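So you can see what is in the structure, the chains are spelled out below.
Number of protein chains: 2
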Amino acid sequence: MYIEKINSPADLKHLSLEQLTTLSSEIRQILLNELSVNGGHVGPNLGMVEATIALHYVFNSPVDKLIFDVSHQTYTHKLLTGRRDAFIEHKVTGFSNPNESEHDFFTLGHTSTSISLSCGLVKARDLKQEKFNIVTLIGDGALSGGEAYEGLDNAATFKSNMIIIVNDNQMSIAENHGGLYQNLTALRESKGAEPCNIFKALGFDYQYLDQGNDLASLIKAFKAVKDIDHPIILHINTEKGKGYEPAITNKEHFHYSMPFDLKTGAPKIDLTKIENYNNLTGQLMIEKMKENPCLIGITSGTPMVFGFTAAEREKLGKQFVDVGIAEEHAVAFASGMAKGGGRPVYGVYGTFLQRTYDQLSQDLCINDNPAVLVVYACGVHGIPDVTHLGFFDIPFLSNIPNLVYLAPVYKEEYLAMLEWAIQQTTYPVAIRVPTNGVIPAPKAVDTDYGTLNKFQVNQTGSNVAIIAVGSFYTLGESIVKLYKEKSGIDATLINPRYLTGLDTALLDQLKEKHELIITLEDGVLDGGFGEKVARYYGTSEVKVMNYGIKKEFVDRYDVNELLAANRLTDKQVVEDILSFYY
Amino acid sequence: MYIEKINSPADLKHLSLEQLTTLSSEIRQILLNELSVNGGHVGPNLGMVEATIALHYVFNSPVDKLIFDVSHQTYTHKLLTGRRDAFIEHKVTGFSNPNESEHDFFTLGHTSTSISLSCGLVKARDLKQEKFNIVTLIGDGALSGGEAYEGLDNAATFKSNMIIIVNDNQMSIAENHGGLYQNLTALRESKGAEPCNIFKALGFDYQYLDQGNDLASLIKAFKAVKDIDHPIILHINTEKGKGYEPAITNKEHFHYSMPFDLKTGAPKIDLTKIENYNNLTGQLMIEKMKENPCLIGITSGTPMVFGFTAAEREKLGKQFVDVGIAEEHAVAFASGMAKGGGRPVYGVYGTFLQRTYDQLSQDLCINDNPAVLVVYACGVHGIPDVTHLGFFDIPFLSNIPNLVYLAPVYKEEYLAMLEWAIQQTTYPVAIRVPTNGVIPAPKAVDTDYGTLNKFQVNQTGSNVAIIAVGSFYTLGESIVKLYKEKSGIDATLINPRYLTGLDTALLDQLKEKHELIITLEDGVLDGGFGEKVARYYGTSEVKVMNYGIKKEFVDRYDVNELLAANRLTDKQVVEDILSFYY
Chain P
1 MYIEKINSPA
11 DLKHLSLEQL
21 TTLSSEIRQI
31 LLNELSVNGG
41 HVGPNLGMVE
51 ATIALHYVFN
61 SPVDKLIFDV
71 SHQTYTHKLL
81 TGRRDAFIEH
91 KVTGFSNPNE
101 SEHDFFTLGH
111 TSTSISLSCG
121 LVKARDLKQE
131 KFNIVTLIGD
141 GALSGGEAYE
151 GLDNAATFKS
161 NMIIIVNDNQ
171 MSIAENHGGL
181 YQNLTALRES
191 KGAEPCNIFK
201 ALGFDYQYLD
211 QGNDLASLIK
221 AFKAVKDIDH
231 PIILHINTEK
241 GKGYEPAITN
251 KEHFHYSMPF
261 DLKTGAPKID
271 LTKIENYNNL
281 TGQLMIEKMK
291 ENPCLIGITS
301 GTPMVFGFTA
311 AEREKLGKQF
321 VDVGIAEEHA
331 VAFASGMAKG
341 GGRPVYGVYG
351 TFLQRTYDQL
361 SQDLCINDNP
371 AVLVVYACGV
381 HGIPDVTHLG
391 FFDIPFLSNI
401 PNLVYLAPVY
411 KEEYLAMLEW
421 AIQQTTYPVA
431 IRVPTNGVIP
441 APKAVDTDYG
451 TLNKFQVNQT
461 GSNVAIIAVG
471 SFYTLGESIV
481 KLYKEKSGID
491 ATLINPRYLT
501 GLDTALLDQL
511 KEKHELIITL
521 EDGVLDGGFG
531 EKVARYYGTS
541 EVKVMNYGIK
551 KEFVDRYDVN
561 ELLAANRLTD
571 KQVVEDILSF
581 YY
Chain F
1 MYIEKINSPA
11 DLKHLSLEQL
21 TTLSSEIRQI
31 LLNELSVNGG
41 HVGPNLGMVE
51 ATIALHYVFN
61 SPVDKLIFDV
71 SHQTYTHKLL
81 TGRRDAFIEH
91 KVTGFSNPNE
101 SEHDFFTLGH
111 TSTSISLSCG
121 LVKARDLKQE
131 KFNIVTLIGD
141 GALSGGEAYE
151 GLDNAATFKS
161 NMIIIVNDNQ
171 MSIAENHGGL
181 YQNLTALRES
191 KGAEPCNIFK
201 ALGFDYQYLD
211 QGNDLASLIK
221 AFKAVKDIDH
231 PIILHINTEK
241 GKGYEPAITN
251 KEHFHYSMPF
261 DLKTGAPKID
271 LTKIENYNNL
281 TGQLMIEKMK
291 ENPCLIGITS
301 GTPMVFGFTA
311 AEREKLGKQF
321 VDVGIAEEHA
331 VAFASGMAKG
341 GGRPVYGVYG
351 TFLQRTYDQL
361 SQDLCINDNP
371 AVLVVYACGV
381 HGIPDVTHLG
391 FFDIPFLSNI
401 PNLVYLAPVY
411 KEEYLAMLEW
421 AIQQTTYPVA
431 IRVPTNGVIP
441 APKAVDTDYG
451 TLNKFQVNQT
461 GSNVAIIAVG
471 SFYTLGESIV
481 KLYKEKSGID
491 ATLINPRYLT
501 GLDTALLDQL
511 KEKHELIITL
521 EDGVLDGGFG
531 EKVARYYGTS
541 EVKVMNYGIK
551 KEFVDRYDVN
561 ELLAANRLTD
571 KQVVEDILSF
581 YY
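Line order of the protein sequences matches chains P and F.
Oh and the first sequence: position 115 is 115 in this note's numbering, straight run, nothing missing.
Oh and the second sequence: position 255 is 255 in this note's numbering, straight run, nothing missing.
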């Protein structure tokens with residue numbers, strides 16, 4: 001095996017084309033073995049095996065710098081840069097990471113950022129009067145993001161070496177959406193000769209390579225642009241999922257796959273058959289869309305959030321819009337639609353909603369248009385990669401005026417909130433989808449959430465009141481139970497439901513029989529929900545303990561370890577209560 | 001005067017071309033009279049007089065919907081839509097505003113949002129099976145913003161009426177920057193015939209009008225696209241500042257001008273000659289740039305933040321970069337540059353920094369690169385328009401891990417912080433520029449801010465401790481003084497300096513001699529600095545009162561009224577302290 005002898009890019013530079021071809025097969029097999037067991041980004045990596053080998057063959061990393069957009073396609077790069085064994089042992093992160101290797105320059109996982117970051121490297125290099133290649137790889141899907149465009153617009157004005165490789169596999173996570181893509185198609189079909197060329201329009205030199213999975217062609221193309229003295233776009237045509245039939249046939253599913261059977265490609269666990277909040281959302285949406293032709297589902301490149309099957313998506317027609325990876329547009333689009341009398345529901349991961357803070361504030365909330373946001377994967381049970389953390393939604397969303405941010409605990413509560421949000425036309429509403437499983441409600445839930453900031457007292461006790469937000473409500477229940485065992489005292493347990501305001505009448509009333517108020521939130525403490533409660537009680541005799549996550553970036557964390565590190569187990573909190581009293 | 005008879009767009013539809021031409025002169029005179037007295041967006045409005053008249057002549061507002069990007073060019077639109085007298089009396093806002101008129105559909109003031117908002121109107125119209133024109137006006141400057149591109153990319157895929165007018169006046173606020181602009185130039189020079197056309201590349205139908213200040217040509221062009229059944233770009237060439245020589249000669253200055261002498265165009269107050277934080281920043285930067293060729297000033301379309309003269313900008317050459325209106329790119333670019341060994345300083349208004357929350361988190365702070373941000377116009381003394389409020393920076397910035405956000409009080413302190421930030425290479429650092437005037441420090445200031453979160457006690461007293469952030473430090477001084485008069489007690493006064501962490505040692509120590517801690521911050525309370533202090537003292541005997549701005553959107557507020565409404569006068573706070581004790 002050649003791969004066994006490659007401990008740095010230097011080790012592949014003396015290989016023949018035939019040997020490199022064998023190497024690409026070996027790498028593909030390693031990828032499939034690893035991904036079928038542990039899951040990961042299958043399609044993007046299979047499609048980039050040859051291009052990555054060719055890059056390391058032609059360029060001199062880390063002197064020459066390779067920057068991968070999103071960096072979910074860096075598995076081959078990791079295998080070639082001294083991380084082979086760590087990769088096989090599942091010890092590397094799924095994204096590029098400067099802490100892992102001198103061949104990585106940024107930790108990145110959100111799309112469309114690579115060109116701007118690279119522009120910075122180019123500028124610094126030129127100021128320092130150094131000479132090396134800066135090579136940026138960005139997929140066609142990422143080109144719909146505004147940040148990529150802003151980067152291109154600036155990059156085109158540079159007067160020095162900058163090589164941008166557009167890895168065109170004709171897919172985003174799902175299929176591409178946007179006017180841009182007909183131009184990429186025209187460029188592919190004309191082998192780059194189409195005169196109306198978005199890259200040339202932005203001022204770039206441009207080259208096209210049709211055989212983006214052919215090592216000889218890639219090496220030739222990379223050699224042709226190496227050491228170039230100006231910015232250039234090298235547009236390469238690759239196949240997502242290359243070399244693995246199931247990933248080619250079902251490109252969307254294999255963009256990121258959970259563990260799968262290597263022979264058949266069948267997922268080891270079929271999530272679509274398990275009740276989950278994606279499916280629940282999709283089913284309610286379909287039902288409501290039948291009643292209301294102006295109800296629309298919006299996604300920005302992650303259509304799976306609604307749990308629709310491909311057939312359902314097709315059937316929804318005009319009532320389902322994928323705007324591509326374009327979160328800013330999605331929010332403004334939803335606001336405009338709500339203003340025009342439509343009922344938009346934008347389903348989005350919390351980590352990506354960050355990309356549209358200003359649109360939430362300006363386009364949506366200043367205008368107070370009644371769009372609905374369904375916010376997924378927030379809290380500790382979200383995504384444990386540092387670039388996809390779900391801890392920051394409460395600080396960035398709940399402090400924007402006019403927005404109503406709801407945190408349901410139960411399945412029926414979530415569905416009732418969503419139904420209410422769709423039906424009302426008074427507020428912009430966001431709903432924080434629970435991430436601790438689908439829990440049925442023990443009793444009937446409210447159907448009207450129009451009386452804002454009304455917390456729900458589910459158990460009335462004394463001394464200690466616990467206000468437990470959303471996914472941490474069950475932690476609240478455990479604490480109440482354990483505290484009862486330890487002290488004999490029934491604590492009060494509250495589901496606040498609203499993250500954007502306080503139930504001050506209730507907070508006042510709690511003072512009568514309680515001396516300690518505890519808040520539990522599945523997010524960072526700084527700027528979060530609990531601090532608002534602490535502020536409210538600032539001058540009262542009541543004491544407040546806020547529990548949540550410490551403000552810091554953590555990567556690939558273990559949920560239980562993270563909870564324990566933040567004193568977020570029932571035992572720890574009860575210990576704290578007991579030591580408060582004694 | 002024709003303008004006197006126009007109370008709605010219907011009143012101009014029967015005017016002849018000659019009469020409309022006279023009307024345009026009348027409007028231009030009204031604009032100049034008003035703007036020379038009160039200040040405002042001069043150039044953008046003068047350039048749009050004819051186009052706005054023609055729009056209202058051809059289209060049927062408000063059935064047909066006109067959406068203006070940024071909406072700082074809507075003065076003529078306001079004059080023609082029943083707000084003439086209110087405009088003359090300076091009673092309308094400077095931006096479009098649905099509360100003012102049924103002819104306005106959104107409150108907007110940040111650039112590049114109009115296309116996405118309009119896409120939403122288009123989608124809602126089509127779902128409701130209604131028929132009318134949706135006309136979006138966007139300037140060439142705004143096209144560098146990623147949100148505009150995301151909107152274009154989506155809009156081009158629509159199959160129904162959508163008219164996007166690109167108002168190309170060959171200027172952003174300052175001159176344009178970006179590869180895009182060479183394409184616009186090529187399109188203008190070829191009268192729209194250039195085959196490599198960014199709009200066509202995105203999939204649009206396209207028309208070009210060279211005479212964008214000629215009423216007859218505009219009317220003809222608008223009639224030609226009215227009721228079109230698909231999206232189209234109508235690219236019109238206009239002159240910024242049209243009809244007023246000083247605004248044509250000095251386009252950047254007259255983009256937005258303070259009151260000026262109508263005859264000469266000279267500003268009534270020359271801010272460049274008054275010591276201010278823009279000039280101070282620029283001067284320090286120039287000095288430091290001489291020492292360090294890798295130090296770079298970055299702006300995203302607002303070069304005036306550094307207070308450089310045009311000659312200085314020219315002289316800085318490669319050490320000053322205007323990336324155009326592209327805040328996302330600016331932050332990622334700065335991060336990349338810092339990673340590459342450059343020392344980037346990005347000067348930006350706080351309200352626009354909102355546009356790059358995700359880049360701050362992902363591109364900058366996860367990567368922990370030592371870029372420097374200088375954040376202007378934060379707090380109540382920032383900009384009083386609802387779309388430009390400076391209240392929200394503390395919640396959105398200070399809760400991002402790894403960032404160090406500094407709030408200086410004094411001139412020397414600000415300069416020392418900036419100097420430290422530039423020289424250090426450990427942290428991403430943001431500095432909140434004071435907005436309550438340039439105040440000299442009464443004593444020597446620290447030069448090293450590397451020991452994070454060290455608050456400074458400037459007056460040691462007892463009972464009450466006041467932690468007064470940045471621009472509100474002087475309010476803290478007044479309170480201490482007044483409280484001493486009323487109670488005879490010397491309170492403790494603290495300049496916290498750091499907004500991203502607490503000096504817990506000091507907070508613990510304060511408990512000894514104080515029973516009341518007061519925080520004062522020039523920003524919204526929710527998610528802000530004071531709440532962190534309240535959380536910290538949650539279980540202690542010390543009481544906390546947090547003072548700041550209520551979380552809500554306010555428009556064209558009076559500073560003193562806003563302060564009083566939030567109990568932010570020294571008298572009110574002292575009243576509260578006294579009533580706390582008695």
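Some hints could be false.
[As the list claims (entries may be wrong)] Pairwise CB distance ranges, derived in the manner of DEER restraints:
hint, chain 1, residue 1, chain 2, residue 2, range
1, F, Y581, P, E561, 26 to 36 Å
2, P, N60, F, N566, 20 to 30 Å
3, P, N60, F, Q211, 51 to 61 Å
4, P, E561, F, L452, 21 to 31 Å
5, F, Q283, P, I228, 36 to 46 Å
6, P, I228, F, L271, 40 to 50 Å
7, F, D205, P, P293, 35 to 45 Å
8, P, E291, F, D205, 50 to 60 Å
[To be verified] Within a straight-line C-alpha distance of at most 30 Å, the following computed DSS-like cross-link-like pairs (lysine-lysine) qualify:
hint, chain 1, residue 1, chain 2, residue 2
9, F, K159, P, K128
10, P, K290, F, K159
11, P, K486, P, K550
Simulated from the structure, these hints should not be mistaken for lab results.
Computed from a prediction, not measured in an experiment: that's the story for all the values here.
Even for Gly, the Cβ is constructed at its ideal location relative to N, Cα and C.
Hints and how they fare:
1. F:Y581 <-> P:E561: 26 to 36 Å: The hint (26 to 36 Å, Cβ to Cβ) is violated, given that Y581 (chain F) and E561 (chain P) are roughly 46 Å apart.
2. P:N60 <-> F:N566: 20 to 30 Å: 59 Å, violated
3. P:N60 <-> F:Q211: 51 to 61 Å: With Cβ atoms ~55 Å apart, the hint holds.
4. P:E561 <-> F:L452: 21 to 31 Å: Holds, since E561 (chain P) and L452 (chain F) (Cβ atoms, about 26 Å apart) stay within the stated range.
5. F:Q283 <-> P:I228: 36 to 46 Å: 39 Å, holds
6. P:I228 <-> F:L271: 40 to 50 Å: For I228 (chain P) and L271 (chain F) the Cβ distance comes to about 45 Å; the hint holds.
7. F:D205 <-> P:P293: 35 to 45 Å: Hint violated: Cβ distance 28 Å, outside 35 to 45 Å.
8. P:E291 <-> F:D205: 50 to 60 Å: 36 Å, violated
9. F:K159 <-> P:K128: At roughly 50 Å apart (the allowed maximum being 30 Å), K128 (chain P) and K159 (chain F) break the hint.
10. P:K290 <-> F:K159: Roughly 23 Å between the alpha carbons, so the hint for K290 (chain P) and K159 (chain F) holds.
11. P:K486 <-> P:K550: The hint holds at about 27 Å.
Violated hints, listed in ascending order, are 1, 2, 7, 8, 9; each of the other numbered hints is respected by the structure.
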